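Trainee: Sequence:
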Amino acid sequence: MDVTLHLAQRPEADELLGRSPLAALVGMLLDQQIPMEWAFAGPYTIAERLGSDDLDAHEIAGYDPEAFTELLSRKPAVHRYPGSMAMGVPPAP
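Counting along the sequence shown from 1, when you hit position 62 you're at 64 in my numbering, and nothing is skipped either side.
Each hint should be verified, as a subset may be incorrect.
Label-pair ranges, simulated between beta-carbon atoms [as the list claims (entries may be wrong)]:
1) T6 to G85: 20 to 28 Å
2) E68 to P13: 13 to 21 Å
3) R82 to D4: 29 to 37 Å
4) P13 to M89: 13 to 21 Å
5) P67 to V5: 18 to 26 Å
6) H8 to S54: 19 to 27 Å
7) L7 to A59: 28 to 36 Å
8) L7 to A69: 26 to 34 Å
9) V5 to T71: 14 to 22 Å
10) Q11 to Q35: 14 to 22 Å
11) D56 to Q11: 30 to 38 Å
12) E72 to V5: 26 to 34 Å
Calculated directly from the structure, the hints in this document are not laboratory data. Quantities reported herein were computed from a predicted structural model and do not represent experimental measurements. Backbone N, C-alpha and C fix where the C-beta goes; we use that ideal spot for every residue, glycine too.
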């Protein structure tokens, strides 16, 4: 998948959304009770904090739940409710 999107209104975040189906899905999951642009910038912020240029489902699924919640909670937080969203992003055990 390689499309041009303008959802996050940040070129680097929109570029990730355009090439990564997982990033687009995570953006959709985060799109709750916050501005759409903030939600769709979230996957880029998560990837950046993981030290990667993309999201990897296996890496996220293997992450310690408390550490992943901390990762989403770092300022600026990925979401208004980072604890709840951290539970919704990785696949259920």
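Trainee: Next, verify each hint and record whether it holds.
Mentor: Quick rundown of the hints versus the structure:
| no. | hint | in the structure |
| --- | --- | --- |
| 1 | T6 to G85: 20 to 28 Å | violated, 33 Å |
| 2 | E68 to P13: 13 to 21 Å | violated, 33 Å |
| 3 | R82 to D4: 29 to 37 Å | holds, 31 Å |
| 4 | P13 to M89: 13 to 21 Å | violated, 30 Å |
| 5 | P67 to V5: 18 to 26 Å | violated, 32 Å |
| 6 | H8 to S54: 19 to 27 Å | holds, 23 Å |
| 7 | L7 to A59: 28 to 36 Å | violated, 20 Å |
| 8 | L7 to A69: 26 to 34 Å | holds, 29 Å |
| 9 | V5 to T71: 14 to 22 Å | violated, 31 Å |
| 10 | Q11 to Q35: 14 to 22 Å | holds, 19 Å |
| 11 | D56 to Q11: 30 to 38 Å | violated, 20 Å |
| 12 | E72 to V5: 26 to 34 Å | holds, 32 Å |
Hints 1, 2, 4, 5, 7, 9 and 11 from the list above are not met by this structure, while the remaining hints are.
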